[in-house]
Amino acid sequence: MINFRPLIWPFIYVFTSWIISTQVSPTGYNEPPIVTSAYGKIVGTTSRQPAFPYVITKEFLGIPFAQTPPTRFLPAKPPIPHTTPIFATGLKPSCYQQFIKQKYRDIFNTPPLSESEDCLYLNIFTPAASTAGSGTPVLFWIHGGNFQLGSGQHPHVVGSSIAANENVIVVTMNYRLNVFGFPSSPDIPLEERNLGFQDQRLALKWVHKNIWAFGGDPGKITVAGESVGAYSVKQLIAKPPDPVPFRAAILQSQSRGFQGDGVKSWDLLSQELGCSREELGSSQLACMQAVPAEKIHHILDRDGIGFAPAIDGTTDVGDFTASIGREVAAKVPILMGTNADEGTILAGIFPPPRVALEGLFRNHPSFIDRAIALYPPNATEFQLKSRIITDFAYTCATSALVTAFTEAGHSVWRYYFNASFPNTMPFSDAGVWHASEINLVFGNYPRNSETTTQQIQTSRYMQHAWSQFTKNPEGGPGWHRVGHSFRDVQLIGSNGTFWGESVDAKSIDHMCDVYWPAITELGRQ
1 MINFRPLIWP FIYVFTSWII STQVSPTGYN EPPIVTSAYG KIVGTTSRQP
51 AFPYVITKEF LGIPFAQTPP TRFLPAKPPI PHTTPIFATG LKPSCYQQFI
101 KQKYRDIFNT PPLSESEDCL YLNIFTPAAS TAGSGTPVLF WIHGGNFQLG
151 SGQHPHVVGS SIAANENVIV VTMNYRLNVF GFPSSPDIPL EERNLGFQDQ
201 RLALKWVHKN IWAFGGDPGK ITVAGESVGA YSVKQLIAKP PDPVPFRAAI
251 LQSQSRGFQG DGVKSWDLLS QELGCSREEL GSSQLACMQA VPAEKIHHIL
301 DRDGIGFAPA IDGTTDVGDF TASIGREVAA KVPILMGTNA DEGTILAGIF
351 PPPRVALEGL FRNHPSFIDR AIALYPPNAT EFQLKSRIIT DFAYTCATSA
401 LVTAFTEAGH SVWRYYFNAS FPNTMPFSDA GVWHASEINL VFGNYPRNSE
451 TTTQQIQTSR YMQHAWSQFT KNPEGGPGWH RVGHSFRDVQ LIGSNGTFWG
501 ESVDAKSIDH MCDVYWPAIT ELGRQ
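According to the UniProt record's numbering, the sequence shown is numbered sequentially starting from 1.
These are computed hints drawn from the structure, not numbers from a lab.
None of the values given here were measured: they were computed from a predicted structure.
It is possible that some hints are incorrect.
Straight line, CA to CA, 27 Å or less: simulated DSSO-like cross-link-like pairs of lysine-lysine [stated by the list, open to error]:
no., residue 1, residue 2
1, Lys295, Lys264
2, Lys471, Lys205
3, Lys331, Lys205
4, Lys77, Lys41
5, Lys471, Lys209
6, Lys77, Lys209
7, Lys41, Lys295
8, Lys239, Lys209
9, Lys471, Lys331
10, Lys209, Lys41
11, Lys205, Lys239
12, Lys471, Lys239
13, Lys239, Lys77
14, Lys331, Lys239
Quick list of the computed label-pair ranges, beta carbon to beta carbon [to be verified]:
no., residue 1, residue 2, range
15, Phe427, Lys264, 27 to 33 Å
16, Thr36, Glu279, 48 to 54 Å
17, Gly260, Asn363, 19 to 25 Å
18, Leu190, Thr452, 46 to 52 Å
19, Pro517, Thr36, 21 to 27 Å
20, Thr71, Thr36, 28 to 34 Å
21, Pro50, Val244, 34 to 40 Å
22, Ala293, Glu191, 21 to 27 Å
23, Pro377, Ala286, 19 to 25 Å
24, Glu279, Glu474, 57 to 63 Å
25, Glu191, Glu474, 30 to 36 Å
26, Arg302, Phe427, 21 to 27 Å
Each residue gets a CB set at the ideal place from its N, CA and C atoms; glycine is no exception.
Could you put together the complete structure from these sequences and hints?
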(Lines of atoms letter the chains of each structure in order from A and count residues from 1; the text may use other names and numbers.)
(Lines give C-alpha, C1' and ligand atoms only; values in the text may rest on other atoms or scores of the structure.)
Protein backbone atom coordinates (compact mmCIF):
# COMPACT_ATOMS: atom_id res chain seq x y z
CA MET A 1 0.00 0.00 0.00
CA ILE A 2 1.36 3.44 -0.94
CA ASN A 3 2.09 5.80 1.94
CA PHE A 4 0.85 9.22 0.80
CA ARG A 5 1.83 11.09 3.95
CA PRO A 6 5.32 12.13 2.76
CA LEU A 7 3.80 13.39 -0.49
CA ILE A 8 0.93 15.32 1.06
CA TRP A 9 2.78 16.90 3.99
CA PRO A 10 4.65 19.68 2.10
CA PHE A 11 1.45 20.96 0.49
CA ILE A 12 -0.45 20.95 3.79
CA TYR A 13 2.49 22.72 5.41
CA VAL A 14 2.71 25.48 2.79
CA PHE A 15 -1.07 25.99 2.71
CA THR A 16 -1.22 26.22 6.51
CA SER A 17 1.69 28.68 6.59
CA TRP A 18 -0.07 30.81 3.99
CA ILE A 19 -3.36 30.82 5.92
CA ILE A 20 -1.64 31.75 9.20
CA SER A 21 0.43 34.46 7.57
CA THR A 22 -2.53 36.05 5.84
CA GLN A 23 -4.31 36.52 9.15
CA VAL A 24 -2.11 39.60 9.50
CA SER A 25 -3.37 42.10 6.98
CA PRO A 26 -0.60 43.46 4.75
CA THR A 27 -2.24 46.86 4.89
CA GLY A 28 -1.06 47.11 8.49
CA TYR A 29 2.56 47.28 7.37
CA ASN A 30 2.63 50.42 5.27
CA GLU A 31 4.64 52.08 8.03
CA PRO A 32 8.18 50.79 8.70
CA PRO A 33 8.57 48.72 11.87
CA ILE A 34 10.23 50.52 14.78
CA VAL A 35 11.66 48.89 17.90
CA THR A 36 13.22 50.39 21.00
CA SER A 37 16.38 48.51 21.94
CA ALA A 38 18.51 49.04 25.03
CA TYR A 39 20.58 51.46 22.95
CA GLY A 40 17.82 53.41 21.21
CA LYS A 41 15.23 53.23 18.46
CA ILE A 42 15.82 51.11 15.35
CA VAL A 43 13.78 51.51 12.18
CA GLY A 44 13.48 48.50 9.89
CA THR A 45 11.64 47.56 6.74
CA THR A 46 9.28 44.84 5.51
CA SER A 47 9.49 42.29 2.72
CA ARG A 48 7.14 39.88 0.98
CA GLN A 49 7.89 36.30 0.00
CA PRO A 50 8.29 35.92 -3.80
CA ALA A 51 5.96 32.91 -4.03
CA PHE A 52 3.44 34.24 -1.49
CA PRO A 53 3.10 38.04 -1.74
CA TYR A 54 0.77 38.21 1.26
CA VAL A 55 3.40 36.64 3.52
CA ILE A 56 5.22 39.52 5.17
CA THR A 57 8.32 39.62 7.33
CA LYS A 58 10.11 42.42 9.11
CA GLU A 59 13.77 43.04 8.39
CA PHE A 60 16.26 45.07 10.39
CA LEU A 61 19.41 45.25 8.29
CA GLY A 62 22.81 46.61 9.26
CA ILE A 63 22.45 47.07 13.02
CA PRO A 64 25.80 47.90 14.67
CA PHE A 65 26.61 45.54 17.53
CA ALA A 66 29.88 47.33 18.31
CA GLN A 67 31.36 50.80 18.10
CA THR A 68 32.17 51.29 14.44
CA PRO A 69 34.55 51.06 12.83
CA PRO A 70 36.63 48.86 15.15
CA THR A 71 40.28 49.76 15.64
CA ARG A 72 42.41 47.45 13.53
CA PHE A 73 43.89 44.50 15.48
CA LEU A 74 42.12 45.50 18.71
CA PRO A 75 39.00 44.03 20.35
CA ALA A 76 35.76 45.71 19.37
CA LYS A 77 33.98 47.82 21.98
CA PRO A 78 30.29 47.51 22.87
CA PRO A 79 28.01 50.06 21.19
CA ILE A 80 26.96 53.22 22.95
CA PRO A 81 23.38 54.48 23.25
CA HIS A 82 22.10 56.60 20.37
CA THR A 83 19.56 59.40 20.65
CA THR A 84 18.63 59.44 16.96
CA PRO A 85 17.06 56.35 15.37
CA ILE A 86 19.19 53.89 13.43
CA PHE A 87 17.68 53.25 10.02
CA ALA A 88 18.35 49.54 9.58
CA THR A 89 16.91 49.33 6.08
CA GLY A 90 19.87 48.18 3.99
CA LEU A 91 22.76 45.77 4.22
CA LYS A 92 26.14 47.07 5.36
CA PRO A 93 29.53 46.01 3.94
CA SER A 94 30.97 42.61 4.70
CA CYS A 95 34.31 42.29 6.45
CA TYR A 96 37.34 42.04 4.14
CA GLN A 97 37.32 38.77 2.22
CA GLN A 98 40.19 36.67 0.93
CA PHE A 99 39.70 34.48 -2.14
CA ILE A 100 42.76 32.44 -3.07
CA LYS A 101 41.05 31.07 -6.18
CA GLN A 102 38.63 32.70 -8.60
CA LYS A 103 36.44 29.60 -8.27
CA TYR A 104 35.74 30.41 -4.64
CA ARG A 105 35.00 34.02 -5.49
CA ASP A 106 32.47 32.83 -8.07
CA ILE A 107 30.81 30.43 -5.61
CA PHE A 108 30.82 32.48 -2.42
CA ASN A 109 30.85 36.09 -3.62
CA THR A 110 28.17 36.26 -6.31
CA PRO A 111 26.86 38.89 -6.46
CA PRO A 112 29.98 40.67 -5.14
CA LEU A 113 29.64 42.16 -1.68
CA SER A 114 31.07 45.52 -0.70
CA GLU A 115 33.91 45.14 1.83
CA SER A 116 35.20 47.34 4.62
CA GLU A 117 36.81 47.33 8.05
CA ASP A 118 33.60 49.03 9.16
CA CYS A 119 31.69 45.76 9.07
CA LEU A 120 30.51 44.77 12.54
CA TYR A 121 26.80 44.68 11.85
CA LEU A 122 24.00 42.16 12.24
CA ASN A 123 20.67 41.55 10.50
CA ILE A 124 17.40 40.48 12.12
CA PHE A 125 14.49 38.84 10.28
CA THR A 126 11.24 38.47 12.21
CA PRO A 127 7.73 37.19 11.55
CA ALA A 128 5.21 39.92 10.78
CA ALA A 129 3.39 39.51 14.09
CA SER A 130 6.49 39.53 16.32
CA THR A 131 6.51 42.45 18.73
CA ALA A 132 8.19 43.07 22.06
CA GLY A 133 7.14 40.32 24.41
CA SER A 134 6.09 37.80 21.73
CA GLY A 135 8.58 35.23 23.03
CA THR A 136 9.57 33.99 19.57
CA PRO A 137 12.47 31.47 19.38
CA VAL A 138 15.69 32.78 17.81
CA LEU A 139 18.19 31.24 15.39
CA PHE A 140 21.58 33.01 15.62
CA TRP A 141 23.67 32.18 12.54
CA ILE A 142 27.50 32.24 12.30
CA HIS A 143 28.74 31.95 8.72
CA GLY A 144 31.59 29.76 7.50
CA GLY A 145 34.38 30.52 5.04
CA ASN A 146 37.62 29.09 6.48
CA PHE A 147 37.94 32.25 8.64
CA GLN A 148 39.09 33.98 5.45
CA LEU A 149 35.77 34.83 3.76
CA GLY A 150 32.03 34.81 4.30
CA SER A 151 29.34 37.20 5.43
CA GLY A 152 26.01 37.50 7.19
CA GLN A 153 24.87 39.42 4.10
CA HIS A 154 25.10 36.55 1.62
CA PRO A 155 21.83 35.94 -0.27
CA HIS A 156 21.87 32.30 0.86
CA VAL A 157 21.38 33.29 4.53
CA VAL A 158 18.62 35.86 4.23
CA GLY A 159 16.30 34.75 7.04
CA SER A 160 12.92 35.93 5.74
CA SER A 161 11.73 32.51 4.57
CA ILE A 162 12.35 30.87 7.96
CA ALA A 163 10.72 33.80 9.75
CA ALA A 164 7.65 33.68 7.52
CA ASN A 165 7.19 29.92 7.27
CA GLU A 166 8.27 28.80 10.71
CA ASN A 167 7.67 31.72 13.12
CA VAL A 168 11.34 31.84 14.10
CA ILE A 169 13.47 34.99 14.33
CA VAL A 170 16.74 34.72 12.38
CA VAL A 171 19.87 36.73 13.15
CA THR A 172 22.90 36.83 10.85
CA MET A 173 26.10 38.73 11.54
CA ASN A 174 29.58 39.63 10.33
CA TYR A 175 32.84 39.06 12.14
CA ARG A 176 36.37 40.05 11.21
CA LEU A 177 38.26 37.59 9.02
CA ASN A 178 41.79 36.62 7.90
CA VAL A 179 44.46 38.95 9.31
CA PHE A 180 41.86 41.53 10.36
CA GLY A 181 40.14 38.94 12.56
CA PHE A 182 42.96 36.61 13.55
CA PRO A 183 46.24 38.56 13.63
CA SER A 184 49.19 36.53 14.88
CA SER A 185 51.39 39.43 15.93
CA PRO A 186 53.71 38.73 18.88
CA ASP A 187 52.86 42.26 20.06
CA ILE A 188 49.21 41.31 20.57
CA PRO A 189 48.42 39.44 23.82
CA LEU A 190 47.32 35.88 23.16
CA GLU A 191 43.91 36.53 24.68
CA GLU A 192 43.27 39.33 22.14
CA ARG A 193 44.31 37.58 18.92
CA ASN A 194 41.03 35.85 18.11
CA LEU A 195 39.19 39.06 17.29
CA GLY A 196 36.78 37.26 14.98
CA PHE A 197 35.64 34.96 17.80
CA GLN A 198 35.32 37.94 20.12
CA ASP A 199 33.19 39.73 17.51
CA GLN A 200 30.86 36.72 17.41
CA ARG A 201 30.49 36.76 21.17
CA LEU A 202 29.87 40.50 21.23
CA ALA A 203 27.12 40.09 18.62
CA LEU A 204 25.56 37.25 20.62
CA LYS A 205 25.68 39.40 23.76
CA TRP A 206 23.91 42.20 21.89
CA VAL A 207 21.22 39.81 20.67
CA HIS A 208 20.71 38.29 24.11
CA LYS A 209 20.27 41.78 25.55
CA ASN A 210 18.06 43.26 22.83
CA ILE A 211 16.17 40.53 20.98
CA TRP A 212 13.15 40.93 23.28
CA ALA A 213 12.48 44.29 21.60
CA PHE A 214 12.08 42.48 18.26
CA GLY A 215 9.73 39.88 19.71
CA GLY A 216 12.39 37.29 20.51
CA ASP A 217 12.86 35.31 23.69
CA PRO A 218 16.45 35.66 25.01
CA GLY A 219 15.97 32.34 26.77
CA LYS A 220 15.23 30.55 23.49
CA ILE A 221 18.31 31.29 21.39
CA THR A 222 19.86 28.53 19.27
CA VAL A 223 23.38 29.23 17.99
CA ALA A 224 24.02 27.72 14.56
CA GLY A 225 26.79 27.72 12.01
CA GLU A 226 28.33 25.95 9.04
CA SER A 227 31.96 24.85 8.54
CA VAL A 228 34.15 27.18 10.62
CA GLY A 229 30.90 28.81 11.75
CA ALA A 230 30.04 25.44 13.31
CA TYR A 231 33.57 25.29 14.74
CA SER A 232 32.82 28.67 16.32
CA VAL A 233 29.61 27.25 17.80
CA LYS A 234 31.61 24.32 19.17
CA GLN A 235 33.94 26.74 20.94
CA LEU A 236 30.96 28.60 22.39
CA ILE A 237 29.75 25.29 23.82
CA ALA A 238 33.17 24.43 25.27
CA LYS A 239 33.63 27.74 27.06
CA PRO A 240 30.50 29.88 26.85
CA PRO A 241 29.98 33.37 28.22
CA ASP A 242 28.49 33.55 31.71
CA PRO A 243 25.53 33.34 31.85
CA VAL A 244 25.16 31.03 28.87
CA PRO A 245 23.29 33.08 26.21
CA PHE A 246 21.87 30.12 24.25
CA ARG A 247 19.95 26.93 24.94
CA ALA A 248 20.78 24.77 21.87
CA ALA A 249 23.30 24.46 19.05
CA ILE A 250 23.37 23.44 15.38
CA LEU A 251 26.65 22.39 13.73
CA GLN A 252 26.60 21.93 9.95
CA SER A 253 29.76 20.43 8.38
CA GLN A 254 31.89 21.44 11.34
CA SER A 255 35.56 22.03 10.56
CA ARG A 256 38.42 24.20 11.77
CA GLY A 257 39.32 24.79 8.15
CA PHE A 258 42.66 24.84 6.39
CA GLN A 259 44.50 28.10 7.07
CA GLY A 260 48.18 27.30 7.59
CA ASP A 261 50.54 28.77 10.18
CA GLY A 262 49.32 32.17 11.35
CA VAL A 263 52.69 33.23 12.80
CA LYS A 264 54.48 32.56 9.51
CA SER A 265 51.66 34.31 7.67
CA TRP A 266 52.06 37.40 9.86
CA ASP A 267 55.80 37.53 9.17
CA LEU A 268 55.28 37.09 5.43
CA LEU A 269 52.54 39.71 5.20
CA SER A 270 54.42 42.26 7.29
CA GLN A 271 57.49 41.90 5.08
CA GLU A 272 55.40 42.37 1.95
CA LEU A 273 53.92 45.55 3.46
CA GLY A 274 57.29 47.03 4.47
CA CYS A 275 56.64 46.44 8.17
CA SER A 276 59.17 43.71 8.95
CA ARG A 277 59.92 43.09 12.61
CA GLU A 278 63.66 42.98 11.92
CA GLU A 279 63.56 46.62 10.86
CA LEU A 280 60.88 48.03 13.14
CA GLY A 281 60.97 45.93 16.30
CA SER A 282 58.16 46.88 18.66
CA SER A 283 56.89 49.49 16.17
CA GLN A 284 55.81 46.76 13.76
CA LEU A 285 52.20 46.62 14.95
CA ALA A 286 51.76 50.38 14.53
CA CYS A 287 53.13 50.09 11.00
CA MET A 288 50.64 47.33 10.18
CA GLN A 289 47.79 49.39 11.61
CA ALA A 290 48.72 52.33 9.38
CA VAL A 291 48.80 50.44 6.07
CA PRO A 292 45.69 51.08 3.93
CA ALA A 293 43.25 48.20 4.25
CA GLU A 294 42.97 47.79 0.48
CA LYS A 295 46.71 47.23 0.22
CA ILE A 296 46.55 44.47 2.83
CA HIS A 297 43.54 43.01 1.06
CA HIS A 298 45.36 42.97 -2.29
CA ILE A 299 48.36 41.07 -0.92
CA LEU A 300 46.19 38.56 0.95
CA ASP A 301 44.40 37.73 -2.29
CA ARG A 302 47.51 37.80 -4.47
CA ASP A 303 49.66 35.59 -2.26
CA GLY A 304 46.98 33.40 -0.68
CA ILE A 305 48.16 34.14 2.86
CA GLY A 306 45.88 32.51 5.44
CA PHE A 307 45.40 33.22 9.13
CA ALA A 308 44.19 30.78 11.76
CA PRO A 309 42.68 31.17 15.23
CA ALA A 310 45.07 30.91 18.15
CA ILE A 311 44.47 28.49 21.00
CA ASP A 312 43.87 31.02 23.76
CA GLY A 313 42.01 28.79 26.19
CA THR A 314 38.88 30.96 26.06
CA THR A 315 37.58 31.47 22.53
CA ASP A 316 39.51 28.43 21.23
CA VAL A 317 40.09 25.82 23.91
CA GLY A 318 42.41 23.48 22.00
CA ASP A 319 41.57 20.15 23.64
CA PHE A 320 37.86 20.20 22.94
CA THR A 321 37.06 16.67 24.10
CA ALA A 322 38.47 17.41 27.54
CA SER A 323 36.79 20.82 27.66
CA ILE A 324 33.21 19.65 27.09
CA GLY A 325 33.51 17.32 30.05
CA ARG A 326 34.14 20.23 32.38
CA GLU A 327 31.50 21.96 34.45
CA VAL A 328 31.93 25.26 32.60
CA ALA A 329 30.80 23.77 29.26
CA ALA A 330 27.25 24.45 28.09
CA LYS A 331 25.22 21.24 28.32
CA VAL A 332 22.81 21.94 25.47
CA PRO A 333 21.00 19.79 22.88
CA ILE A 334 22.82 19.58 19.55
CA LEU A 335 21.78 19.03 15.93
CA MET A 336 24.73 18.25 13.67
CA GLY A 337 25.71 16.56 10.44
CA THR A 338 27.60 16.64 7.16
CA ASN A 339 27.18 16.48 3.38
CA ALA A 340 28.01 13.54 1.14
CA ASP A 341 30.65 15.29 -1.00
CA GLU A 342 32.15 17.98 1.23
CA GLY A 343 35.57 17.74 -0.39
CA THR A 344 34.77 18.46 -4.03
CA ILE A 345 35.08 22.24 -3.84
CA LEU A 346 38.12 21.99 -1.54
CA ALA A 347 40.17 19.53 -3.60
CA GLY A 348 41.82 22.32 -5.56
CA ILE A 349 43.73 23.58 -2.51
CA PHE A 350 44.63 20.10 -1.25
CA PRO A 351 48.01 18.39 -1.85
CA PRO A 352 48.25 15.13 -3.84
CA PRO A 353 46.51 12.24 -2.04
CA ARG A 354 49.59 10.33 -0.88
CA VAL A 355 51.34 13.51 0.26
CA ALA A 356 48.25 14.47 2.24
CA LEU A 357 47.99 11.02 3.83
CA GLU A 358 51.67 11.02 4.72
CA GLY A 359 51.02 14.23 6.63
CA LEU A 360 47.96 12.85 8.37
CA PHE A 361 49.60 9.56 9.32
CA ARG A 362 53.14 10.76 9.97
CA ASN A 363 53.19 8.73 13.18
CA HIS A 364 51.14 5.86 11.76
CA PRO A 365 52.62 5.14 8.31
CA SER A 366 51.00 1.71 8.09
CA PHE A 367 47.62 3.44 7.76
CA ILE A 368 48.53 5.22 4.52
CA ASP A 369 48.00 2.20 2.28
CA ARG A 370 44.93 1.22 4.29
CA ALA A 371 43.43 4.62 3.55
CA ILE A 372 44.27 4.40 -0.16
CA ALA A 373 42.65 0.96 -0.26
CA LEU A 374 39.34 2.45 0.88
CA TYR A 375 38.81 3.95 -2.57
CA PRO A 376 38.43 2.56 -6.10
CA PRO A 377 41.81 1.86 -7.76
CA ASN A 378 40.72 3.72 -10.89
CA ALA A 379 39.70 6.89 -9.01
CA THR A 380 41.09 10.11 -10.45
CA GLU A 381 43.25 12.37 -8.32
CA PHE A 382 40.34 14.79 -7.97
CA GLN A 383 38.01 12.01 -6.84
CA LEU A 384 40.55 10.63 -4.39
CA LYS A 385 41.31 14.02 -2.86
CA SER A 386 37.62 14.81 -2.61
CA ARG A 387 36.88 11.56 -0.79
CA ILE A 388 39.80 11.90 1.63
CA ILE A 389 38.72 15.43 2.56
CA THR A 390 35.09 14.38 2.92
CA ASP A 391 35.81 11.28 4.98
CA PHE A 392 38.64 12.54 7.18
CA ALA A 393 37.84 16.20 7.77
CA TYR A 394 34.05 15.97 7.86
CA THR A 395 32.29 12.59 8.10
CA CYS A 396 34.69 10.87 10.50
CA ALA A 397 35.56 14.03 12.41
CA THR A 398 31.85 14.62 12.96
CA SER A 399 31.36 11.01 14.03
CA ALA A 400 34.10 11.47 16.62
CA LEU A 401 32.53 14.72 17.76
CA VAL A 402 29.11 13.06 18.11
CA THR A 403 30.72 10.47 20.38
CA ALA A 404 32.44 13.18 22.43
CA PHE A 405 29.21 15.11 22.88
CA THR A 406 27.12 12.08 23.83
CA GLU A 407 29.74 10.87 26.31
CA ALA A 408 29.69 14.34 27.88
CA GLY A 409 25.93 14.06 28.40
CA HIS A 410 24.55 16.04 25.45
CA SER A 411 21.44 15.03 23.55
CA VAL A 412 22.56 14.82 19.91
CA TRP A 413 20.65 14.44 16.64
CA ARG A 414 22.70 13.68 13.53
CA TYR A 415 21.91 14.06 9.83
CA TYR A 416 23.66 13.16 6.57
CA PHE A 417 22.70 15.32 3.59
CA ASN A 418 22.80 13.61 0.18
CA ALA A 419 20.90 15.66 -2.41
CA SER A 420 22.22 17.76 -5.28
CA PHE A 421 20.41 19.93 -7.80
CA PRO A 422 21.38 21.23 -11.27
CA ASN A 423 20.70 24.88 -10.50
CA THR A 424 23.08 24.98 -7.52
CA MET A 425 26.01 23.00 -8.96
CA PRO A 426 29.14 25.19 -9.22
CA PHE A 427 30.68 22.63 -11.61
CA SER A 428 29.59 19.34 -13.11
CA ASP A 429 31.11 16.90 -10.61
CA ALA A 430 30.58 18.96 -7.44
CA GLY A 431 28.02 16.50 -6.09
CA VAL A 432 26.63 17.27 -2.63
CA TRP A 433 29.29 19.89 -2.04
CA HIS A 434 30.37 21.71 1.08
CA ALA A 435 27.80 24.40 2.03
CA SER A 436 25.24 23.24 -0.56
CA GLU A 437 22.63 22.59 2.13
CA ILE A 438 22.56 26.20 3.36
CA ASN A 439 20.25 27.67 0.74
CA LEU A 440 17.80 24.80 1.37
CA VAL A 441 17.72 25.35 5.13
CA PHE A 442 17.15 29.07 4.60
CA GLY A 443 14.74 28.56 1.69
CA ASN A 444 16.87 30.63 -0.68
CA TYR A 445 17.52 28.11 -3.46
CA PRO A 446 17.24 29.45 -7.04
CA ARG A 447 13.70 29.56 -8.36
CA ASN A 448 14.02 29.05 -12.10
CA SER A 449 13.24 26.57 -14.85
CA GLU A 450 15.71 24.07 -13.35
CA THR A 451 14.09 24.05 -9.90
CA THR A 452 12.85 20.54 -9.11
CA THR A 453 10.00 19.28 -6.98
CA GLN A 454 12.52 17.42 -4.82
CA GLN A 455 14.45 20.64 -4.27
CA ILE A 456 11.36 22.51 -3.11
CA GLN A 457 10.27 19.67 -0.83
CA THR A 458 13.74 19.06 0.59
CA SER A 459 14.05 22.73 1.46
CA ARG A 460 10.71 22.67 3.27
CA TYR A 461 11.64 19.49 5.09
CA MET A 462 15.02 20.81 6.28
CA GLN A 463 13.72 24.25 7.15
CA HIS A 464 10.96 22.71 9.25
CA ALA A 465 13.33 20.26 10.99
CA TRP A 466 15.85 23.00 11.87
CA SER A 467 13.03 25.26 13.10
CA GLN A 468 11.37 22.47 15.07
CA PHE A 469 14.68 21.93 16.85
CA THR A 470 15.02 25.68 17.49
CA LYS A 471 11.53 25.81 19.01
CA ASN A 472 11.89 22.66 21.13
CA PRO A 473 15.52 21.50 21.33
CA GLU A 474 14.84 18.69 23.79
CA GLY A 475 12.21 17.31 21.43
CA GLY A 476 14.66 17.19 18.53
CA PRO A 477 14.19 17.86 14.81
CA GLY A 478 11.87 14.94 14.11
CA TRP A 479 14.05 11.81 14.12
CA HIS A 480 15.79 9.53 16.60
CA ARG A 481 18.32 10.95 19.01
CA VAL A 482 21.80 9.40 18.78
CA GLY A 483 21.89 6.33 21.00
CA HIS A 484 18.10 6.02 21.11
CA SER A 485 17.96 3.60 18.17
CA PHE A 486 20.47 1.68 16.09
CA ARG A 487 19.16 3.76 13.17
CA ASP A 488 20.13 7.13 14.58
CA VAL A 489 21.37 9.10 11.55
CA GLN A 490 18.82 10.87 9.37
CA LEU A 491 19.71 10.44 5.69
CA ILE A 492 18.23 13.43 3.84
CA GLY A 493 17.70 13.55 0.08
CA SER A 494 18.92 10.17 -1.15
CA ASN A 495 17.38 8.51 -4.21
CA GLY A 496 15.25 11.50 -5.14
CA THR A 497 13.44 11.64 -1.79
CA PHE A 498 13.15 14.58 0.58
CA TRP A 499 11.58 13.39 3.83
CA GLY A 500 14.59 11.61 5.29
CA GLU A 501 15.34 8.03 6.23
CA SER A 502 16.78 6.76 9.50
CA VAL A 503 19.91 4.68 8.91
CA ASP A 504 22.60 2.99 10.97
CA ALA A 505 25.63 5.25 11.54
CA LYS A 506 27.86 2.39 10.39
CA SER A 507 26.56 2.84 6.86
CA ILE A 508 27.93 6.40 6.92
CA ASP A 509 31.08 5.86 9.03
CA HIS A 510 32.33 2.57 7.58
CA MET A 511 35.72 4.06 6.61
CA CYS A 512 36.37 5.84 9.90
CA ASP A 513 38.34 3.10 11.68
CA VAL A 514 41.23 3.92 9.36
CA TYR A 515 41.12 7.63 10.15
CA TRP A 516 40.71 7.48 13.95
CA PRO A 517 44.46 7.71 14.74
CA ALA A 518 44.86 10.86 12.65
CA ILE A 519 41.64 12.43 13.92
CA THR A 520 42.60 11.81 17.54
CA GLU A 521 46.19 12.96 17.11
CA LEU A 522 45.44 16.12 15.16
CA GLY A 523 42.39 17.01 17.20
CA ARG A 524 40.25 17.37 14.08
CA GLN A 525 37.07 16.69 16.00
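Here's how the hints hold up against the structure:
1. Lys295 / Lys264: Distance ~19 Å between Lys295 and Lys264 Cα, so the pair holds.
2. Lys471 / Lys205: holds, 20 Å
3. Lys331 / Lys205: Judged against 27 Å, a Cα distance of about 19 Å means the pair holds.
4. Lys77 / Lys41: At roughly 20 Å apart (the allowed maximum being 27 Å), Lys41 and Lys77 satisfy the hint.
5. Lys471 / Lys209: holds, 19 Å
6. Lys77 / Lys209: Holds, at roughly 15 Å.
7. Lys41 / Lys295: violated, 37 Å
8. Lys239 / Lys209: holds, 19 Å
9. Lys471 / Lys331: holds, 17 Å
10. Lys209 / Lys41: Answer holds: Lys209 to Lys41 is near 14 Å, not above 27 Å.
11. Lys205 / Lys239: Given that 27 Å is the threshold and the Cα spacing comes to 14 Å, the pair holds.
12. Lys471 / Lys239: holds, 24 Å
13. Lys239 / Lys77: holds, 21 Å
14. Lys331 / Lys239: Distance of about 11 Å is within 27 Å: holds.
15. Phe427 / Lys264: 27 to 33 Å: Given about 31 Å between the Cβ atoms, the range holds.
16. Thr36 / Glu279: 48 to 54 Å: holds, 53 Å
17. Gly260 / Asn363: 19 to 25 Å: Roughly 21 Å apart at Cβ, these two residues keep to the hinted range, so it holds.
18. Leu190 / Thr452: 46 to 52 Å: holds, 50 Å
19. Pro517 / Thr36: 21 to 27 Å: At roughly 56 Å between Cβ atoms, Thr36 and Pro517 fall outside 21 to 27 Å, so the hint is violated.
20. Thr71 / Thr36: 28 to 34 Å: Because 29 Å falls inside the window, the suggested range holds.
21. Pro50 / Val244: 34 to 40 Å: The hint (34 to 40 Å, Cβ to Cβ) holds, given that Pro50 and Val244 are roughly 37 Å apart.
22. Ala293 / Glu191: 21 to 27 Å: Given about 24 Å between the Cβ atoms, the range holds.
23. Pro377 / Ala286: 19 to 25 Å: violated, 57 Å
24. Glu279 / Glu474: 57 to 63 Å: At 59 Å between Cβs, range holds.
25. Glu191 / Glu474: 30 to 36 Å: Holds: the Cβ-Cβ distance is about 34 Å, inside 30 to 36 Å.
26. Arg302 / Phe427: 21 to 27 Å: Holds: the Cβ-Cβ distance is about 24 Å, inside 21 to 27 Å.
In this structure, the hints that do not hold are numbers 7, 19, 23, in rising order.
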